[in-house]
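K.L.:
Listed here are the chains, written in short residue letters.
There are 2 protein chains.
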Amino acid sequence: MSDARLDWEAACSAVDRARSILIVTHISPDGDAIGSLLGLTLALRERGKQVTPAVDGGVPEHLRFLPGADAVQPKVSQSRWDVMIALDASDEARIGDVGAVGLAQASLVINLDHHPTNTLFGAVHLVDPQAAAAAEIVYAWLERLDWAIPQTVATALLTGLVTDTIGFRTSNVTPRTLAVAQRLMEAGAPLHELMVRTLVSKPYSAIELWKHALATVQFSDGVISGVVSQEALKQAGLKDATDGGLVGLLSSVAEACMAAVFKELADGRVEVSLRCKPGFDVSQLALELGGGGHAQAAGATIDGPLADAQARVIPRLIAHLNGRCQHVRTVGE
Amino acid sequence: MSDARLDWEAACSAVDRARSILIVTHISPDGDAIGSLLGLTLALRERGKQVTPAVDGGVPEHLRFLPGADAVQPKVSQSRWDVMIALDASDEARIGDVGAVGLAQASLVINLDHHPTNTLFGAVHLVDPQAAAAAEIVYAWLERLDWAIPQTVATALLTGLVTDTIGFRTSNVTPRTLAVAQRLMEAGAPLHELMVRTLVSKPYSAIELWKHALATVQFSDGVISGVVSQEALKQAGLKDATDGGLVGLLSSVAEACMAAVFKELADGRVEVSLRCKPGFDVSQLALELGGGGHAQAAGATIDGPLADAQARVIPRLIAHLNGRCQHVRTVGE
Numbered sequence: 037m038s039d040a041r042l043d044w045e046a047a048c049s050a051v052d053r054a055r056s057i058l059i060v061t062h063i064s065p066d067g068d069a070i071g072s073l074l075g076l077t078l079a080l081r082e083r084g085k086q087v088t089p090a091v092d093g094g095v096p097e098h099l100r101f102l103p104g105a106d107a108v109q110p111k112v113s114q115s116r117w118d119v120m121i122a123l124d125a126s127d128e129a130r131i132g133d134v135g136a137v138g139l140a141q142a143s144l145v146i147n148l149d150h151h152p153t154n155t156l157f158g159a160v161h162l163v164d165p166q167a168a169a170a171a172e173i174v175y176a177w178l179e180r181l182d183w184a185i186p187q188t189v190a191t192a193l194l195t196g197l198v199t200d201t202i203g204f205r206t207s208n209v210t211p212r213t214l215a216v217a218q219r220l221m222e223a224g225a226p227l228h229e230l231m232v233r234t235l236v237s238k239p240y241s242a243i244e245l246w247k248h249a250l251a252t253v254q255f256s257d258g259v260i261s262g263v264v265s266q267e268a269l270k271q272a273g274l275k276d277a278t279d280g281g282l283v284g285l286l287s288s289v290a291e292a293c294m295a296a297v298f299k300e301l302a303d304g305r306v307e308v309s310l311r312c313k314p315g316f317d318v319s320q321l322a323l324e325l326g327g328g329g330h331a332q333a334a335g336a337t338i339d340g341p342l343a344d345a346q347a348r349v350i351p352r353l354i355a356h357l358n359g360r361c362q363h364v365r366t367v368g369e
Numbered sequence: 037m038s039d040a041r042l043d044w045e046a047a048c049s050a051v052d053r054a055r056s057i058l059i060v061t062h063i064s065p066d067g068d069a070i071g072s073l074l075g076l077t078l079a080l081r082e083r084g085k086q087v088t089p090a091v092d093g094g095v096p097e098h099l100r101f102l103p104g105a106d107a108v109q110p111k112v113s114q115s116r117w118d119v120m121i122a123l124d125a126s127d128e129a130r131i132g133d134v135g136a137v138g139l140a141q142a143s144l145v146i147n148l149d150h151h152p153t154n155t156l157f158g159a160v161h162l163v164d165p166q167a168a169a170a171a172e173i174v175y176a177w178l179e180r181l182d183w184a185i186p187q188t189v190a191t192a193l194l195t196g197l198v199t200d201t202i203g204f205r206t207s208n209v210t211p212r213t214l215a216v217a218q219r220l221m222e223a224g225a226p227l228h229e230l231m232v233r234t235l236v237s238k239p240y241s242a243i244e245l246w247k248h249a250l251a252t253v254q255f256s257d258g259v260i261s262g263v264v265s266q267e268a269l270k271q272a273g274l275k276d277a278t279d280g281g282l283v284g285l286l287s288s289v290a291e292a293c294m295a296a297v298f299k300e301l302a303d304g305r306v307e308v309s310l311r312c313k314p315g316f317d318v319s320q321l322a323l324e325l326g327g328g329g330h331a332q333a334a335g336a337t338i339d340g341p342l343a344d345a346q347a348r349v350i351p352r353l354i355a356h357l358n359g360r361c362q363h364v365r366t367v368g369e
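So the protein sequences, as listed, match chains H and E. With this note's numbering, letter number 116 in the first sequence gets 152, and the count goes up by one each step, no holes. With this note's numbering, letter number 59 in the second sequence gets 95, and the count goes up by one each step, no holes.
Hints listed in this document are in silico derivations from the structure and should not be mistaken for laboratory results. Please read all numbers here as calculations on a predicted model, not as lab measurements. Don't take each hint at face value.
The list makes no distinction among identical chains, and a pair is therefore deemed to hold if it is satisfied within one copy or across any two copies.
Derived DMTMM-like pairs (lysine to aspartate or glutamate); straight-line CA-CA distance at most 25 angstroms [as the list claims (entries may be wrong)]:
id : residue 1 : residue 2
1  : K247      : E267
2  : K247      : E291
3  : K275      : E97
4  : K238      : D257
5  : K247      : D344
6  : K270      : D257
7  : K238      : D317
8  : K111      : E128
9  : K313      : E267
10 : K313      : E244
11 : K247      : E307
12 : K313      : E229
13 : K85       : D133
14 : K270      : E291
15 : K275      : E291
16 : K313      : E97
17 : K238      : E45
18 : K111      : D133
19 : K85       : D276
20 : K247      : D276
21 : K270      : E244
22 : K275      : D66
23 : K270      : D339
24 : K85       : D182
Next up, chain H with everything else stripped away, as it sits in the complex (with noise of 0.2 angstroms):
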């Protein structure tokens, strides 16, 4: 599927007419689900609406900042809504425990996305890839239902954008996206303060794994490489097994055509995290190590321990990139 698929008519008088209504968003929320979220529900609630927000587990920590956090349900129970909305979800496992719930109760079911992969589930579609942000497709939305903006709205949608294009970097980020962004901010949303809590700001704790991460990266072939051991995990004081943005950093060095990052989990499996520049493919590794994922950006989840993985994919990275690597252009100093 690569057209929209934009009933907005249908949606627009399906939530004029509804009282009672369910948002949902997908599983491991990010900045988008969670923004989309809470500022659709915001501007609903300032129509009288009776709104339930859920995800499972409820909004992650350092997203609680934002307006509205507080009242997103973890779990719903039993109830009947006349419409249930899924958010920046491309089918319904996506949705969880409280969206299968909301699947089986709620009257009808609105769709709104932008992963070009969406199963078009649901009886509504608000599906458009082309949108660089599910917040993107909220925004034009209230815009049809020409509803008046509150600054908590626009907080929580610039949030989507923002986190959702790591701040306008990505390459589906449009002329649209940026009309948006501005309107947001004239309606009040402070672009600063959002850039620094969600992009720029980091804990001390990714310096000290950084530290130990950094002393372990390999370069040659054209392949990057470094690893995230349990040892430095519990060195930075982090109990999560995380990168810490390794991956990123990596995969920004110019000479570089392929990164991998090697995570040890807890259990002694090790988590790979592959990306490449664009004209390669690392997703029919993945896919092959029991993974999965995109061209540009993929994983999976192997044994370990650490050495071995990476004896595994680093020989077939450079495999895959056959000498091509030396003709990428330095950019940069």
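Got chain H; can you put chain E on it based on the hints?
P.N.:
Quick look at chain E alone, frame taken from chain H:
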């Protein structure tokens, strides 16, 4: 000076009448200096003007990919110009040797800048401290002249916007900045490519440098600091003394109120870069050390060796904080 000083009519009629125009910008030019220089040069040439763009030393290597970069003169010989336009330079000294020639030889000087400290040199002023970049003022000028914006001009100007705002992340970005960026994208400027080239992409040597520099990081009493030694630069294969963005990384740490990077110069002296969170001020200490700067970002070059420099500066930063850092909220995760 806080108000805009915008003589649009005088500026428009001056370039309209002019046949020969010298355009200069500040020495050690950054992306906004070069982007504004090239954007305005190409736009004026489209209108048949005879334009000489110049900056001492020419265009830095990492900005030579921009359209028109080859035409920029590193020196100018004595000549006559109807108009000189100085871009992004707060005073006459900042426009270097080429600017000095222009000041002596041009019949009229137009001063276009966004620094609040602009001395209002020259006869005609396009000085707007509210603009996030000089390129934003160049765009406003072209809009007022009602000139079409070719893709080359749009690309140069968007480079200015993107680099000076670190990808729309600085606190001076306004809805107007985003509106200008939107129109430049519509005119064909490749936002994503410019973001990658100027902000994301880094040379492998930067990773090598961080390897060594992160190992030196210390964090106590609200002050985070690190060292870039000549040895580290050598091991990373770098000739010029650069911190590879280290001070930016350290100042993004949520729990730190101040960041300091100590960079050893070839002659043994030490360049100190200081950053702090809003509510604190590092400019006074920089001044006392014989340097200068702004409240949130300042620096000085002091005597070495490194350990002495650290011992002289860090306690003074901690004393300045005076225990007030404990209340800084930890944001992000």
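K.L.:
Each hint: holds or not?
P.N.:
Here is how each hint holds up against the structure:
| no. | hint | verdict |
| --- | --- | --- |
| 1 | K247 with E267 | both (12 angstroms within a copy, 18 angstroms between copies) |
| 2 | K247 with E291 | both (22 angstroms within a copy, 17 angstroms between copies) |
| 3 | K275 with E97 | within (14 angstroms within a copy, 43 angstroms between copies) |
| 4 | K238 with D257 | between (32 angstroms within a copy, 18 angstroms between copies) |
| 5 | K247 with D344 | both (23 angstroms within a copy, 24 angstroms between copies) |
| 6 | K270 with D257 | between (31 angstroms within a copy, 22 angstroms between copies) |
| 7 | K238 with D317 | between (30 angstroms within a copy, 21 angstroms between copies) |
| 8 | K111 with E128 | within (16 angstroms within a copy, 65 angstroms between copies) |
| 9 | K313 with E267 | neither (30 angstroms within a copy, 32 angstroms between copies) |
| 10 | K313 with E244 | between (28 angstroms within a copy, 21 angstroms between copies) |
| 11 | K247 with E307 | both (20 angstroms within a copy, 23 angstroms between copies) |
| 12 | K313 with E229 | between (31 angstroms within a copy, 13 angstroms between copies) |
| 13 | K85 with D133 | within (23 angstroms within a copy, 67 angstroms between copies) |
| 14 | K270 with E291 | between (31 angstroms within a copy, 19 angstroms between copies) |
| 15 | K275 with E291 | between (33 angstroms within a copy, 18 angstroms between copies) |
| 16 | K313 with E97 | between (32 angstroms within a copy, 23 angstroms between copies) |
| 17 | K238 with E45 | neither (43 angstroms within a copy, 47 angstroms between copies) |
| 18 | K111 with D133 | within (8 angstroms within a copy, 69 angstroms between copies) |
| 19 | K85 with D276 | neither (38 angstroms within a copy, 62 angstroms between copies) |
| 20 | K247 with D276 | both (17 angstroms within a copy, 23 angstroms between copies) |
| 21 | K270 with E244 | both (10 angstroms within a copy, 24 angstroms between copies) |
| 22 | K275 with D66 | within (19 angstroms within a copy, 41 angstroms between copies) |
| 23 | K270 with D339 | within (21 angstroms within a copy, 38 angstroms between copies) |
| 24 | K85 with D182 | within (16 angstroms within a copy, 47 angstroms between copies) |
Violated hints, in rising order: 9, 17, 19; the structure is consistent with all others.
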